[in-house]
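Novice: For reference, the chains in residue letters:
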Amino acid sequence: MTKPDISVNIAGVKLNNPVIAASGSFGYGREYAKLFELKELGGISLKGMTLEGRNGNPPPRVAETPSGMLNCVGLQNPGIDYFLENELPFLKKQETVLISNIAGNTISDYCGLAERLSETDIDMIELNISCPNVKKGGAAFGTDCESAAGVTREVRRHCKKPLIVKLSPAAADITAIAQAVEAEGADAVSLINTLLGMRIDIKSRRPVLSNNAGGLSGAAIFPVALRMVWQTARRVKIPVIGMGGVTKWQDAIEMLLAGACAVQVGTATFGDPYAMIKIRDGIENYLIENNYESLCDIVGKVIPNPNGIL
Amino acid sequence: MTVEDCVIISKKNIAKGVFDIWVKCPQIVAEAKAGQFIDVKCDNFTLRRPISICDIDNKKGQIRLVFEIRGEGTDWLAAKNVGDCIDLLGPLGNGFFLGKTDKPAVFVGGGIGVPPLLAASKPFGANATAILGFRSACAVILKEDYEHNGASVTICTDDGTAGRHGLVTVPLEERLDAQECAVVFACGPKQMLKAVARICDKRGVMCFVSMEERMACGVGACLSCACKVKYEGEEKYFHVCKNGPVFNAKTIVW
Numbered sequence: 001m002t003k004p005d006i007s008v009n010i011a012g013v014k015l016n017n018p019v020i021a022a023s024g025s026f027g028y029g030r031e032y033a034k035l036f037e038l039k040e041l042g043g044i045s046l047k048g049m050t051l052e053g054r055n056g057n058p059p060p061r062v063a064e065t066p067s068g069m070l071n072c073v074g075l076q077n078p079g080i081d082y083f084l085e086n087e088l089p090f091l092k093k094q095e096t097v098l099i100s101n102i103a104g105n106t107i108s109d110y111c112g113l114a115e116r117l118s119e120t121d122i123d124m125i126e127l128n129i130s131c132p133n134v135k136k137g138g139a140a141f142g143t144d145c146e147s148a149a150g151v152t153r154e155v156r157r158h159c160k161k162p163l164i165v166k167l168s169p170a171a172a173d174i175t176a177i178a179q180a181v182e183a184e185g186a187d188a189v190s191l192i193n194t195l196l197g198m199r200i201d202i203k204s205r206r207p208v209l210s211n212n213a214g215g216l217s218g219a220a221i222f223p224v225a226l227r228m229v230w231q232t233a234r235r236v237k238i239p240v241i242g243m244g245g246v247t248k249w250q251d252a253i254e255m256l257l258a259g260a261c262a263v264q265v266g267t268a269t270f271g272d273p274y275a276m277i278k279i280r281d282g283i284e285n286y287l288i289e290n291n292y293e294s295l296c297d298i299v300g301k302v303i304p305n306p307n308g309i310l
Numbered sequence: 311m312t313v314e315d316c317v318i319i320s321k322k323n324i325a326k327g328v329f330d331i332w333v334k335c336p337q338i339v340a341e342a343k344a345g346q347f348i349d350v351k352c353d354n355f356t357l358r359r360p361i362s363i364c365d366i367d368n369k370k371g372q373i374r375l376v377f378e379i380r381g382e383g384t385d386w387l388a389a390k391n392v393g394d395c396i397d398l399l400g401p402l403g404n405g406f407f408l409g410k411t412d413k414p415a416v417f418v419g420g421g422i423g424v425p426p427l428l429a430a431s432k433p434f435g436a437n438a439t440a441i442l443g444f445r446s447a448c449a450v451i452l453k454e455d456y457e458h459n460g461a462s463v464t465i466c467t468d469d470g471t472a473g474r475h476g477l478v479t480v481p482l483e484e485r486l487d488a489q490e491c492a493v494v495f496a497c498g499p500k501q502m503l504k505a506v507a508r509i510c511d512k513r514g515v516m517c518f519v520s521m522e523e524r525m526a527c528g529v530g531a532c533l534s535c536a537c538k539v540k541y542e543g544e545e546k547y548f549h550v551c552k553n554g555p556v557f558n559a560k561t562i563v564w
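Going down the list, the sequences are from chains U and L. Per the working numbering, the first sequence starts with residue 1, numbered consecutively. Per the working numbering, the second sequence starts with residue 311, numbered consecutively.
There are no misleading hints in this set.
Listed next, the in silico BS3-like pairs over lysine-lysine satisfying Cα-Cα at most 25 Å (straight line):
| no. | chain 1 | residue 1 | chain 2 | residue 2 |
| --- | --- | --- | --- | --- |
| 1 | L | Lys369 | L | Lys432 |
| 2 | L | Lys390 | L | Lys370 |
| 3 | U | Lys34 | L | Lys351 |
| 4 | U | Lys136 | L | Lys546 |
| 5 | U | Lys278 | L | Lys351 |
| 6 | U | Lys248 | L | Lys351 |
| 7 | L | Lys538 | U | Lys136 |
| 8 | L | Lys504 | U | Lys203 |
Chain L residues, not near chain U, derived (Cβ > 12 Å throughout):
| no. | residue |
| --- | --- |
| 9 | Phe329 |
| 10 | Lys343 |
| 11 | Ala389 |
| 12 | Val392 |
| 13 | Asp394 |
| 14 | Gly409 |
| 15 | Asp412 |
| 16 | Pro414 |
| 17 | Arg445 |
| 18 | Asn459 |
| 19 | Val463 |
| 20 | Leu486 |
| 21 | Gly514 |
| 22 | Thr561 |
Everything labelled a hint here was simulated from the structure, so no lab data went into it. Nothing here was measured: the structure is a model prediction, and the numbers come from that model. The beta-carbon is built from N, C-alpha and C at its ideal position, and this holds for glycine as well.
Let's have the full structure, built from the sequences with the hints guiding it.
Specialist: Okay, here's the thing in structure tokens:
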């Protein structure tokens, strides 16, 4: 029997498979390239980038939680100039789809990044309006429709690459945000970013994280992410990229059934650096075992209960 | 760097809550250097647990890990027995830059910071002086191991129940003032490292410290384990897992 087709097309960009490394968990790919070839991945959403380099938050920046973790890294990155000179040449050789995740304090920061990246070999741009760990920008843009639409509208004018908008689960209604950015020309949405959480050290009575609170990721948030992906996919026509706690191939299948055309995987890589490869292979085997020809046979094919009130 | 399934060859409980295991991991051993660490996968936990390499047996393809139960992950590891398999990612980080091992060197360890220095002290033989601090006599570990490698060992305890009563900094100053020393290597609580760095700086002695910070990926991708260093005239966050765990003490912003 012929192998099923696990490639996916998002806004005109072909990914060999639907498994993408999530921004912030994979750096610029160099570290994990020591363990496997990066072309094994459908794509890489690169570490969140700003115009100028940022130092990030003080340590501790991470705390483990039941089935997950909190982080408050705070967008530490060397800035776009360093990236273009020192990281992009390596990434270009990797034969995988490159997604630049961009962040800023102001709309003009986002526009500047989009404009400059449009002239490079980056394949897609992911607008990060959902980082919970910075004072300005980040989730401040992503939690109400007006500001999400505003930043998307302006960036769209400067961005010649396919534009993904990464959504925050902190919004009152994430589907409304998705519709708002779709109306302003977003080519796809990716969701969810981390949920804001907290841990306290009971000996010192101090929060574990330097920022007091931080973004919760990992298996713990998967059901929340899945629900939001399902709700959003029914409300928008643009592709939805599902993420949030995807840890094993079965999670990815659930995301696809809920309507995601691809998944991003972040925290799972820390426990098992090969998690994404195993998820990709698991998706392929699921298609083979069920005699499906391609991902189209499962994307959005969940059968909701007709009497369900949600 | 590799991911390897490793069998536990031996296991000893060497002090209260402190375990000493040898694991078979030929692929990791082929690359491992003193001062590097490995990241242990603990079932049902999101994050791996970083543990410094205590010793390396190239012939047998084994590494030695000496760890203390600090939380749920290390508790899980301590329950593993001889014959059990554990999943290790490593070797990670940069090891100690040892320099000339025919010159005298001092190794300053505090508590569970004592094991990571053992392999580094070995090539120095009798040129090594080890100043090792512990809470109490019952917490003293690896004294014989350092002596076996040829080092002259001074033990310090907080409560005076073994060796000298007090901090490692006093014998360190005495040692540096009495005899020549090319380099100091230190691992332990941050306050101890800061004090050791200051003592060395005053005397113009080169000092390397092995740092610790809460870690997630272990390989330099997630940027969690930030450590502030002076770099090209600026203060910047470097990362313990990738840029360290060993740093030149002069670069650390304490």
